[in-house]
Amino acid sequence: MVLNPQNEELRELTVGREREDGSFEAGAAINQTSLWRDAARRFAHNRAALVAMFAFLLMLAYVVIVPFVVPYDPNAVNFDIAYVNPTWTHPFGTDEFGRDLFLRTALGGRISIGIGFAGTVAIMVVGILYGAISGFVGGWLDNAMMRFLDALYGLPYLPFAIITLAIFGTVNFWTMVIALTIASWFTTARVMRGQIITLKENDYVRAARAVGARWHRVLFRHLLPNTLGVVLVFVFLELPGVVLGEAFLSFLGLGINPPQSSWGSLAQDGYTQYLSHPYIIVIPSVAIAWLILSAFFIADGLRDALDPRTESAA
Amino acid sequence: MALLEVDDLRTYFTSRRGDVKAVDGISLAVERGKTLGIVGESGCGKSVTALSIMGLLAPNARVVSGSVRFEGRDLTELSDRELEDIRGRQIAMIFQDPMTSLNPTLTIGLQLTETMRRHLDMSRDEARKRAIELLEEVHIPNARARLDDYPHRYSGGMRQRVMIAMALSCSPKLLIADEPTTALDVTVQAGILDLLEELRDEHEMSMIIITHDMGVVAESADDIAVMYAGQIVEQTNAEELFDHPEHPYTEALLGALPQVEDENVRQGRLTAIPGRPPDLVDLPDACRFAPRCPYASRNDSCTAKMPELRELRPGHLVRTAHPASERQGAPVPAAAP
Amino acid sequence: MLKFVVRRVLWTIPIILLVIFMTFWMMREIKGSPFRKSERAVPAAVLANLNRKFGLDKPWYVQYGKYVKDVATLDLGPSLVLRNQDVNDIVKEHFPVSAQLGGLAMLLAILVGIPIGIISALRANKLTDYIAMLFANLGFAIPSFLVATLLIYEFAAQLRWFPTNGWDTASSKVLPVIALSLGPMTYFARIVRGQMLETLQQDYVRTAKAKGLRWKRVVVVHVLRNSLIPAVTAAGPLLGFLVTGSFIIENIFAIPGIGRYYVISVSGRDYSTVMGITVLLAILVIVANMIVDILYGFLDPRTRDART
Numbered sequence: 000m001v002l003n004p005q006n007e008e009l010r011e012l013t014v015g016r017e018r019e020d021g022s023f024e025a026g027a028a029i030n031q032t033s034l035w036r037d038a039a040r041r042f043a044h045n046r047a048a049l050v051a052m053f054a055f056l057l058m059l060a061y062v063v064i065v066p067f068v069v070p071y072d073p074n075a076v077n078f079d080i081a082y083v084n085p086t087w088t089h090p091f092g093t094d095e096f097g098r099d100l101f102l103r104t105a106l107g108g109r110i111s112i113g114i115g116f117a118g119t120v121a122i123m124v125v126g127i128l129y130g131a132i133s134g135f136v137g138g139w140l141d142n143a144m145m146r147f148l149d150a151l152y153g154l155p156y157l158p159f160a161i162i163t164l165a166i167f168g169t170v171n172f173w174t175m176v177i178a179l180t181i182a183s184w185f186t187t188a189r190v191m192r193g194q195i196i197t198l199k200e201n202d203y204v205r206a207a208r209a210v211g212a213r214w215h216r217v218l219f220r221h222l223l224p225n226t227l228g229v230v231l232v233f234v235f236l237e238l239p240g241v242v243l244g245e246a247f248l249s250f251l252g253l254g255i256n257p258p259q260s261s262w263g264s265l266a267q268d269g270y271t272q273y274l275s276h277p278y279i280i281v282i283p284s285v286a287i288a289w290l291i292l293s294a295f296f297i298a299d300g301l302r303d304a305l306d307p308r309t310e311s312a313a
Numbered sequence: 000m001a002l003l004e005v006d007d008l009r010t011y012f013t014s015r016r017g018d019v020k021a022v023d024g025i026s027l028a029v030e031r032g033k034t035l036g037i038v039g040e041s042g043c044g045k046s047v048t049a050l051s052i053m054g055l056l057a058p059n060a061r062v063v064s065g066s067v068r069f070e071g072r073d074l075t076e077l078s079d080r081e082l083e084d085i086r087g088r089q090i091a092m093i094f095q096d097p098m099t100s101l102n103p104t105l106t107i108g109l110q111l112t113e114t115m116r117r118h119l120d121m122s123r124d125e126a127r128k129r130a131i132e133l134l135e136e137v138h139i140p141n142a143r144a145r146l147d148d149y150p151h152r153y154s155g156g157m158r159q160r161v162m163i164a165m166a167l168s169c170s171p172k173l174l175i176a177d178e179p180t181t182a183l184d185v186t187v188q189a190g191i192l193d194l195l196e197e198l199r200d201e202h203e204m205s206m207i208i209i210t211h212d213m214g215v216v217a218e219s220a221d222d223i224a225v226m227y228a229g230q231i232v233e234q235t236n237a238e239e240l241f242d243h244p245e246h247p248y249t250e251a252l253l254g255a256l257p258q259v260e261d262e263n264v265r266q267g268r269l270t271a272i273p274g275r276p277p278d279l280v281d282l283p284d285a286c287r288f289a290p291r292c293p294y295a296s297r298n299d300s301c302t303a304k305m306p307e308l309r310e311l312r313p314g315h316l317v318r319t320a321h322p323a324s325e326r327q328g329a330p331v332p333a334a335a336p
Numbered sequence: 000m001l002k003f004v005v006r007r008v009l010w011t012i013p014i015i016l017l018v019i020f021m022t023f024w025m026m027r028e029i030k031g032s033p034f035r036k037s038e039r040a041v042p043a044a045v046l047a048n049l050n051r052k053f054g055l056d057k058p059w060y061v062q063y064g065k066y067v068k069d070v071a072t073l074d075l076g077p078s079l080v081l082r083n084q085d086v087n088d089i090v091k092e093h094f095p096v097s098a099q100l101g102g103l104a105m106l107l108a109i110l111v112g113i114p115i116g117i118i119s120a121l122r123a124n125k126l127t128d129y130i131a132m133l134f135a136n137l138g139f140a141i142p143s144f145l146v147a148t149l150l151i152y153e154f155a156a157q158l159r160w161f162p163t164n165g166w167d168t169a170s171s172k173v174l175p176v177i178a179l180s181l182g183p184m185t186y187f188a189r190i191v192r193g194q195m196l197e198t199l200q201q202d203y204v205r206t207a208k209a210k211g212l213r214w215k216r217v218v219v220v221h222v223l224r225n226s227l228i229p230a231v232t233a234a235g236p237l238l239g240f241l242v243t244g245s246f247i248i249e250n251i252f253a254i255p256g257i258g259r260y261y262v263i264s265v266s267g268r269d270y271s272t273v274m275g276i277t278v279l280l281a282i283l284v285i286v287a288n289m290i291v292d293i294l295y296g297f298l299d300p301r302t303r304d305a306r307t
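Line order of the protein sequences matches chains A, B and C.
Take the first sequence: its letter number 27 is residue 26 in numbering that gives the first Met the number 0, and every next letter is one higher.
Take the second sequence: its letter number 175 is residue 174 in numbering that gives the first Met the number 0, and every next letter is one higher.
Take the third sequence: its letter number 145 is residue 144 in numbering that gives the first Met the number 0, and every next letter is one higher.
Chain A extracted, bound-state conformation (with noise of 0.2 Å):
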């Protein structure tokens, strides 16, 4: 097939597939959807990926709603009311300075979710970047490159996320997005480079370098758009990491200070008291482990949307 999914005008030539138990599948040569309303109706369908992306927005409401709806100062002290198991008043408790966690919660979220989200974004702009380069240009560019990255492959991020907040000699949201984002962008540089490979060995880039189209038309014409997807699914596979890369510097102390809170520092506050109250760190973690839970079934569950050959596996 010489055409460009992306073509709008020429999708739906494209489908027709083969089920996995060779049969054929004639329903789909009758309703030609695109490609994109294809992966959203198996998207759809996958029970898991549903109820996944349904807690990711509601805890995105949750960090953005309840500060504005909380009648409570985040800062306030009141030692009359600290330590509060949950209650109705207080969802879930207060901390040892009788500042209401359900609210504090959603405030650290908000850092913690925003680091994650502009992390991920860094990261996918430079392993874009680095992986397109790469793999558009080819030749010993593309080999040095690679090279390079097989170096740093699986270097342990920590120690210079550590290194890169010395070097600004202060922790702060965009700070912390840069230090995160230092020692993690290999593995999509990597991916989208083998992407790009692959687009271009198609017949239909092919067929329009053949026909002479420039160079940056082929790239974002034909080889950036059709990367979507996988980008896509990157988006909610790298998330996690940062999110959790900002909970251990944080946790470590050499994170989000005071009086900003994210959930690892809110983690930190609540490991200093683990013995006497140990809700205080389990709140914050789950909603670390919420977010992370539900980004990686989301993104499994495009992966499978946008991989038609996968589809009757169900």
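It is worth saying that the hints were derived from the structure and are not from the lab.
Quick caveat: nothing in here was measured; it's all calculated off a predicted structure.
Be aware that one or more of the hints could be misleading.
Unchecked claim - Below, a sample of chain A positions facing chain C; criterion: calculated Cβ distance under 8 Å:
1) 157
2) 243
3) 246
4) 250
5) 270
6) 274
7) 281
8) 287
As the list claims (entries may be wrong) - With a straight-line Cα cutoff of 20 Å, these simulated EDC-like cross-link-like pairs (lysine to aspartate or glutamate) come out:
9) C/208 / B/81
10) B/33 / B/201
11) B/172 / B/201
12) C/215 / B/79
13) B/172 / B/84
14) B/33 / B/196
15) C/215 / B/120
16) B/33 / B/193
17) C/208 / B/84
18) C/65 / C/28
19) B/172 / B/30
20) B/172 / B/221
21) C/208 / B/79
22) C/208 / B/120
23) B/172 / B/203
24) B/128 / B/147
25) C/215 / B/84
26) C/208 / C/197
27) B/304 / B/325
28) C/208 / B/96
29) B/33 / B/70
30) C/208 / B/76
31) B/172 / B/197
32) B/33 / B/238
33) C/2 / C/299
34) B/33 / B/197
35) C/91 / C/167
36) C/68 / C/85
37) C/215 / B/81
38) C/91 / C/69
We treat Cβ as the ideally placed atom computed from N, Cα and C, and that holds for glycine.
Take the given structure of chain A and dock chains B and C to it, following the hints.
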């Protein structure tokens, strides 16, 4: 009694949209020393039939009803362990793609000998000696030296020869060859077919050859069953089928015999007849070939009711309302979608 | 094959040089000299003296060259903060603890994680599989600091089976090893399960079944082998995991390992120690990756051939 008797076999796959009726009530018999050819497009259920016989169906497939009698024993009722004793020993099978059918991380020798050591109570040395003989029998040059090679050192045709040697190693009574030449280069296809025929005579085996290519069964098969959408649409001996085909589908298959080697042909799609086979989940109670049949008109009985598989002549079964010998006039031109 | 091994080993040298250089360069970028950390100013003359003593007044490439030479001779230089202590001494004192912790955790992860993955794949989509994968997913998602804390809370504080911290008696090692192994364990379980499921679908497994081999032999000879080879490759990046995890676990259990010392050194701006440990960990990972690569080459006959 025939060696293998398949009676009203139904094998369904579970899918989200409902049961996929991959094999929907077929009956076959393979006589001792004879070759049965099963012919049809990809997806018609011919491979699933073979896997049902072997008990090698995927987890999402199941035999719903019917029986597979091998020397009088119903294979569908055997336990896993009993089936394991029959597979490789009594019934052997070779598959379409020799490139992926051999384990890439084990030597050819090990893969050859493990079958014999499993079934024949041979020592390692005996099995190795026999393995060399077998490789020579399938015309692998320098067999002794090549025994310890890994599959990636073998070409596609040679790997299929190894698969054949493996299948024959325990002298099975029945060999099922599922598209044995489809994945191979045209230049080696004939060699593999000749080899199969030669070995069948030598070992006095029965054989089932499954293919989408009438040319493959033309020379080697004694009987031929043509399958379409999970059913047998025509079944008779080879000579009769080639001389007097009755079903329009068989005619199309025969008419399409000299095909250009392209992607569709390789994947077993029949390009000579327009249209596609029906959706096997949602089957109408009509002739399954009717939408593609050049002889079926809109208000024909066969578009409302499934034709029975009837014995048109002694030993010649056909499932159509429009067999060649009962037809008058030209095909209905507008019937094909 | 020998050529491949030699090439692979030689290739690690420029990688190590590159990583040392990057670390070195990053350390130079850190603002603020270690000798200026306290509020009271150090006299200029003393500062110059100290800088000269540690070679900080030389041009960067001289410093880099000297550092590489020192690393090559296994000398990580003096600590900038602890008087009369070399980074070597610090490593010698703390690294064995971390190595033992990491080694035991890895062992536990392999011994438990791989069987879980195998059983789970063989019982795919059955109850056993669901339970195993629930465990694997939770183990992957729940941060190790929560796991460690809960383990201490339950088994040390409440039941008093084990001490809450330290690294001396055998019983003090139980909880940290479990806490650290959980991440790699679930990682192994998921990788092995995925690989097994993929292998079970391969044509050659169908061939093995068609030959009438006993199911046990099909699994052990044809499925396991081909599934575990990719799992070997997973062990390389796992070391990075383990390093990160040990930072957290050592801090929680107050284990005198390299991870805990690293955090202390960063806080104390003992940059030569930070750099020394970073370089050490990086070299460790690079060498582990090399070993995994070579091992993989030996295990898979296709690459073994392609690389001769």
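### Query
Which of the numbered hints are not met once you compare them with the structure shown?
none
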